[in-house]
Each structure stands twice: as C-alpha cells, then as structure tokens.
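Asker: Protein chains in written order, with the working numbering: chain A, 1 to 306; chain B, 1 to 335.
By construction, these hints were calculated from the structure, which means they are not laboratory data. Fair warning: there could be bad hints in the mix.
[Claimed, not checked] In silico DSS-like pairs for lysine-lysine, Cα to Cα no more than 25 Å straight-line:
no.	chain 1	residue 1	chain 2	residue 2
1	A	K164	B	K19
2	B	K170	B	K269
3	B	K320	B	K269
4	A	K124	A	K27
5	B	K17	A	K164
6	B	K238	B	K10
[Claimed, not checked] In silico negatives: residues of chain A with every beta carbon more than 10 Å from chain B:
no.	residue
7	Q12
8	N55
9	P63
10	G84
11	Y159
12	L163
13	Q183
14	I272
This structure is a prediction, so every number in the text was calculated from the model and none was measured. Glycine included, C-beta positions come from ideal geometry on N, C-alpha and C.
Each chain is listed here by its residues.
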Amino acid sequence: MLDTLSITKIQQAAKGIRRRVLDYVIKNNGGYLSQACSSAEMLSSLYLEIMNLGNVVSPIMPPAFSGVPCQNNPDYLTGAIFNGPKAPHFDRFFLSPSQYSLVLYAALIETDRMAPEGLEQFNKDGSTVEMIGAEHSPGMEIMSGSLGQGLSQAAGIAYARRLKGETGKAWVFMSDGEFQIGQTWEAMQTMSFYKMDNIGIYVDVNGYQCDGMTSSVMNIEPLEERLESFGARVFKVNGHDIGELIAPSKVELDGRPLVVLCYTNPYQGIEILKSYAPKFHYIRFKTEAERQRLSEFLKETYGNSF
Amino acid sequence: MEILSKLHAKNLVQWAKDKPDILVLSADLTSSTEIDLFRDAYPDRFISFGVAEQNMMSFAGGLAREGFFPFVHTFAVFIYRRAYDQIAMSISYPNLPVRMFGFLPGVTTPGGATHQAIEDIAIMRSLPNMTILECGDATDVETVLDYAHSVNGPVYIRMLRGEIPRLFDKSEPMIFGKARLLSSGNDITLLSSGICTEEAIRAVEALKRHGISIAHLHISTLKPFNDEAVLEALSANKYGVITMENHTIIGGLGSIAAEKMAEQGISNKLLRIGIKDAYLHGASREYLMKEYGIDASALIRTVEELTDSRFNIDEDDLKKAHITLMHSDAKAEAL
Numbered sequence: 001m002l003d004t005l006s007i008t009k010i011q012q013a014a015k016g017i018r019r020r021v022l023d024y025v026i027k028n029n030g031g032y033l034s035q036a037c038s039s040a041e042m043l044s045s046l047y048l049e050i051m052n053l054g055n056v057v058s059p060i061m062p063p064a065f066s067g068v069p070c071q072n073n074p075d076y077l078t079g080a081i082f083n084g085p086k087a088p089h090f091d092r093f094f095l096s097p098s099q100y101s102l103v104l105y106a107a108l109i110e111t112d113r114m115a116p117e118g119l120e121q122f123n124k125d126g127s128t129v130e131m132i133g134a135e136h137s138p139g140m141e142i143m144s145g146s147l148g149q150g151l152s153q154a155a156g157i158a159y160a161r162r163l164k165g166e167t168g169k170a171w172v173f174m175s176d177g178e179f180q181i182g183q184t185w186e187a188m189q190t191m192s193f194y195k196m197d198n199i200g201i202y203v204d205v206n207g208y209q210c211d212g213m214t215s216s217v218m219n220i221e222p223l224e225e226r227l228e229s230f231g232a233r234v235f236k237v238n239g240h241d242i243g244e245l246i247a248p249s250k251v252e253l254d255g256r257p258l259v260v261l262c263y264t265n266p267y268q269g270i271e272i273l274k275s276y277a278p279k280f281h282y283i284r285f286k287t288e289a290e291r292q293r294l295s296e297f298l299k300e301t302y303g304n305s306f
Numbered sequence: 001m002e003i004l005s006k007l008h009a010k011n012l013v014q015w016a017k018d019k020p021d022i023l024v025l026s027a028d029l030t031s032s033t034e035i036d037l038f039r040d041a042y043p044d045r046f047i048s049f050g051v052a053e054q055n056m057m058s059f060a061g062g063l064a065r066e067g068f069f070p071f072v073h074t075f076a077v078f079i080y081r082r083a084y085d086q087i088a089m090s091i092s093y094p095n096l097p098v099r100m101f102g103f104l105p106g107v108t109t110p111g112g113a114t115h116q117a118i119e120d121i122a123i124m125r126s127l128p129n130m131t132i133l134e135c136g137d138a139t140d141v142e143t144v145l146d147y148a149h150s151v152n153g154p155v156y157i158r159m160l161r162g163e164i165p166r167l168f169d170k171s172e173p174m175i176f177g178k179a180r181l182l183s184s185g186n187d188i189t190l191l192s193s194g195i196c197t198e199e200a201i202r203a204v205e206a207l208k209r210h211g212i213s214i215a216h217l218h219i220s221t222l223k224p225f226n227d228e229a230v231l232e233a234l235s236a237n238k239y240g241v242i243t244m245e246n247h248t249i250i251g252g253l254g255s256i257a258a259e260k261m262a263e264q265g266i267s268n269k270l271l272r273i274g275i276k277d278a279y280l281h282g283a284s285r286e287y288l289m290k291e292y293g294i295d296a297s298a299l300i301r302t303v304e305e306l307t308d309s310r311f312n313i314d315e316d317d318l319k320k321a322h323i324t325l326m327h328s329d330a331k332a333e334a335l
C-alpha cells in the first residue's frame with residue numbers, strides 16, 4: 001500500500017500538470033486542455049510510482065531540432081533521454097496519442113525530468129517541443145502520432161526485449177479513441193497470442209474525441225468485455241484515484257497483457273470547462289471573456305501564472 | 001537455361017544460420033513466400049502474425065529498434081497497399097533496418113488485380129530513407145540477401161519465387177547500386193528490370209542479327225539510382241533509350257530514367273515499355289506479358305519505332321531463343 005506522502009506527491013504533480021497546461025492554453029488562446037484534465041493523475045502515477053525508469057541527472061533542457069533520422073544524420077536525437085538511461089531492467093514509456101504531448105511535457109517538468117523553461121519552446125519553429133510530438137520530442141522514443149501505431153511498435157520492442165532476456169517492461173499510454181482502430185485489435189490479439197505480460201497499457205477513457213462524445217461518434221463499449229475476449233487482463237479504475245491507478249501495476253504477472261481502463265473526466269480540476277461539452281478535443285477561446293474567465297480560475301486555484 | 005525451384009526457401013535457411021539477430025515475420029503466407037523451411041529450422045526466430053499486416057509492420061519497427069533485423073515476407077501488395085502508413089511512420093521515418101520481401105510483382109501471378117503489384121516501386125520510391133531492390137533471376141535471388149542486409153535503413157525487395165531461370169553466372173552476385181551490363185552497343189540504350197530482363201535478352205539477340213547494337217543493362221537497385229555507368233549510357237546512343245519493366249510506366253524504372261535524363265539535359269528520345277496506366281487481371285504470365293506489351297515482341301516493336309525500321313522477327317523465334325548464361329561487365333569476354 002502506498003503511503004500518504006507518496007500519494008500527496010503524485011496529487012501535487014497532477015495539479016502541477018493541469019496548472020502548466022492551463023497556463024499555456026490561456027497564453028496561446030487555445031490548446032489540448034481537456035487531455036490534461038483527464039490524464040494528469042495517470043501520467044503522474046506512471047512517472048512517480050508505476051514505471052521503473054532510470055533517473056536523469058538534472059532536469060534536461062530540450063535540445064533544438066537537429067534533423068530527422070536518416071543515414072546521413074547520425075547525430076539524430078531521441079526524446080527517450082528524458083525517461084532516463086536505457087538498461088535491461090528499466091521500464092520504457094510510450095505515449096501513443098501524441099496529441100497529449102503538451103501534457104507529457106508538463107508531466108516531465110513536474111517529475112524533474114525536463115527544465116521548466118523548456119515549455120517556452122512549445123510549438124516554436126526549430127524546437128523539439130512540438131505540438132504533436134515526434135520521437136525527438138521530450139519523453140518520446142517512437143513515432144506514434146498516427147493513431148494505432150504506438151501499441152504495435154511498443155509490442156515489437158517488448159517482444160524483442162523478452163527475446164534478449166531483459167526484465168524491464170513496456171508501459172503504453174493510449175486514448176480510448178484508439179480502440180476504434182483495427183490495428184489496435186491486431187496488436188491486442190498478437191500480445192495475447194504470444195503471452196506478453198511484459199507490457200502494460202493505461203487507457204484514458206475520457207469518453208470524448210475530436211468530433212464529440214465517443215458514444216456518438218463510434219461506440220467502443222463494452223471495452224472491458226471486448227478486451228477480455230481478446231485475452232487481455234483488464235482492470236477498470238477511476239482514473240483520478242491514485243490508489244486505484246497504481247494497484248493493477250503491482251499484480252503478479254500471469255502471461256496476459258495488462259490493460260488498465262482509466263475512466264476519467266475531461267474537465268476534472270477545471271470544472272468551468274464543462275460548458276464546452278461535447279467539444280473538448282481542442283479548446284479554443286472565441287471571446288476575450290472566455291479567456292478572462294479561465295485566467296481568473298487559474299489565479300484563484302493556483303495563484304499567479306508562471 | 002537452368003531453372004531453379006524454391007531457391008529463396010533453401011538459401012535463407014543457409015544464409016541466416018549464423019545470424020541470430022535475423023527474425024522472419026509472416027502474415028499467413030509462409031509457404032507462399034518460401035519461409036516454411038526457415039520456420040522449421042529456426043522456430044524461435046519466426047514470428048507469425050496471421051492476416052494482420054499493419055500490426056506486423058509497426059511491430060517490425062519495434063523489433064528493429066531493439067537491434068533485431070526483421071525480414072518481413074508477404075505478397076508485395078499487402079506490404080505497400082495494406083500497410084503504407086505503418087511503413088512510413090513505424091519503419092521508414094526512423095530509418096530502421098527492416099527488410100521487406102514483396103512477392104508476386106506485376107504479371108507473375110494469375111491472382112488478379114488484388115494480388116498483382118503494379119505500382120509498388122512508384123509508391124515505395126517516394127518514401128524517404130527507402131532502398132529498393134528488384135530480382136531478375138536465380139543469381140539475383142540468391143545474392144540479394146547480402147546486399148539488402150548491408151543497408152543501414154529499410155529495404156524493399158521485389159522478390160521472385162517458385163521456378164526461376166538462371167540468367168547470370170552464379171559467381172557474379174548482385175552488387176548494390178551497380179547495374180549488370182549484358183550487352184554493349186551504341187544504337188540504343190536499354191534498361192530492363194525484373195522478369196523483363198529475360199525477355200529483353202531474347203529480343204536483343206535477335207536484333208543484333210539485324211545489325212542493331214544495344215547497350216543492355218539489367219537494373220537491380222532502383223533506389224538509390226546513381227550508377228555512373230548507367231547515367232553515362234543514357235546519353236551514349238544514336239537513337240535513344242528504352243526502359244522495360246514489369247510495373248506501371250508511372251513512377252518506376254521508366255520514370256527514373258526520364259528524371260535522370262532530364263536532369264542531365266539528355267534530349268534523346270525515351271520509350272517506356274511497361275504497364276500503361278492500367279490494372280491487370282487474372283491470367284497466365286505469358287498471356288499478360290503479351291496482352292500488356294511487356295514481352296520480347298514488345299521490345300522488338302519499340303526498337304522498330306525508335307529506329308523507324310521493320311525487322312520481321314518471328315515471335316516463335318523469340319520464344320525459342322536459346323539463352324546462355326550471361327556474364328556482367330566484370331568479364332570482358334562475355335560482352
């Protein structure tokens with residue numbers, strides 16, 4: 001059982017994630033805000049308790065963009081350095097929906113892996129702190145923005161690591177919309193077929209996607225039963241409850257890939273966002289008054305802006 | 001002419017014997033792509049995915065990131081048509097050493113439009129970081145593994161299966177980035193690839209007897225395309241250049257030659273033999289080559305057009321033409 005101090009630390013980090021993303025969205029008149037609301041506890045729990053990652057010596061300042069991978073660019077950078085050194089016993093993290101990049105960057109800052117000033121480079125030309133991150137972006141090591149490809153790539157890595165006798169696990173963060181994609185189910189059947197219990201998937205089931213409510217765009221429920229029928233070991237939790245989030249990661253392995261369905265609220269912690277329903281995917285202010293309203297909320301809840 | 005059978009199946013087992021980091025990936029076409037012997041010999045290095053190519057491609061990218069060399073085998077159409085986004089983002093963007101063996105190029109299958117890869121080179125060539133190789137005979141099939149495997153990045157191989165003729169001497173392996181010079185001449189420059197090379201050899205022999213001298217080069221590296229000998233040959237001819245491929249004339253060897261000629265300011269005429277912007281249908285290879293005009297007779301007609309002459313070469317003569325083992329430019333006496 002996790003002690004109170006650890007839980008408080010994770011809650012503080014989650015609060016910090018929301019604060020940083022909200023601050024950015026206010027300053028830039030829009031952004032992926034609801035993703036921070038729904039996934040802040042998930043990412044802070046993953047980074048501070050669930051994943052066994054190597055430490056970074058000190059928070060890293062994101063380097064400038066140095067070109068895409070190719071035969072003539074051996075100096076190509078990977079965002080995986082923010083997740084600590086690679087070692088056979090260390091876990092690895094894979095963000096599948098890169099639309100959550102801003103939330104990941106905020107999580108890296110809150111967990112002392114990225115320098116806070118790094119966020120000022122977000123979405124700036126020549127920076128690696130991109131809006132929809134690539135594998136050179138902080139905290140990322142694969143190309144996953146084309147939804148549905150992250151899980152298969154992570155599964156390939158996990159399979160290879162098992163072949164090499166490495167004990168570290170692969171943790172994949174996914175969005176619920178990705179369970180509309182055929183490739184996701186191809187990957188699930190493969191992981192189950194090859195009894196891959198060295199992979200764990202945390203799914204942000206916030207119930208919304210670009211076009212609106214998931215249940216109105218293309219139904220994915222009953223997700224738990226669907227996944228179980230594919231051979232996964234599924235846990236359904238409240239995605240804002242730290243204890244519930246962490247518990248499934250501690251169970252003894254039994255040969256099945258782990259899926260933790262984290263049911264979340266897309267305006268958790270910033271309740272005044274509720275009025276945007278069902279368009280939570282990308283928050284854009286139409287009037288100065290809207291922006292003012294959130295600015296005041298930020299000040300009341302978190303004190304001053306950064 | 002020697003005809004060999006199930007070459008890749010036997011060759012791969014031998015070649016991969018002492019290479020524990022080679023993994024073979026299959027999408028329910030294990031015997032059809034000649035990896036059944038590998039599966040039986042090294043079951044721990046064989047991964048079956050079922051009919052699920054998109055996952056297989058991204059998964060291959062993951063394996064490659066951890067230091068393995070995935071040798072993906074399936075029909076070509078299921079590589080580049082079914083899983084294009086996965087190839088682009090999970091394999092090609094990160095420049096990972098995944099080797100994709102695409103079987104059933106163009107007319108080599110009676111399986112119809114769903115199984116005939118007619119635009120694979122055009123599609124794969126436009127991907128940054130991608131290397132493209134094509135096999136034209138038994139020696140190419142036997143030796144493509146070494147050259148594919150020497151590339152630091154993804155490779156797409158247009159592969160042959162089943163009974164394959166040996167056109168090139170066994171002692172002369174495919175050389176990366178180097179064309180095989182099969183005949184010298186200065187009237188016409190002919191670039192052929194894949195199974196069209198055998199047809200071209202038949203026609204070139206007949207044309208020689210009519211006094212037409214042809215510089216015939218067999219192209220096996222389609223990307224990168226920078227063999228100096230080929231670039232020189234594009235301009236060194238009296239009448240012009242002919243390309244001949246088992247692929248649509250859009251985006252393949254013909255297009256590559258056109259780009260290179262335009263860039264070099266070569267104003268010689270270029271005639272492209274290939275599938276003329278049309279889908280194929282289910283029929284025998286011989287029938288399709290004739291119907292779509294990519295056989296030896298098509299080459300004769302094209303040479304007649306380019307030289308404005310008539311040779312009255314009989315089709316049966318072309319079919320019966322005896323093909324002796326060809327030596328590349330490495331052996332001067334064979335020229």
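Asker: Of all the hints given earlier, name the ones this structure violates by number, lowest first.
Answerer: Of the numbered hints given earlier, those the structure breaks are 2, 3, 6, 11, 12, 13, listed in rising order.
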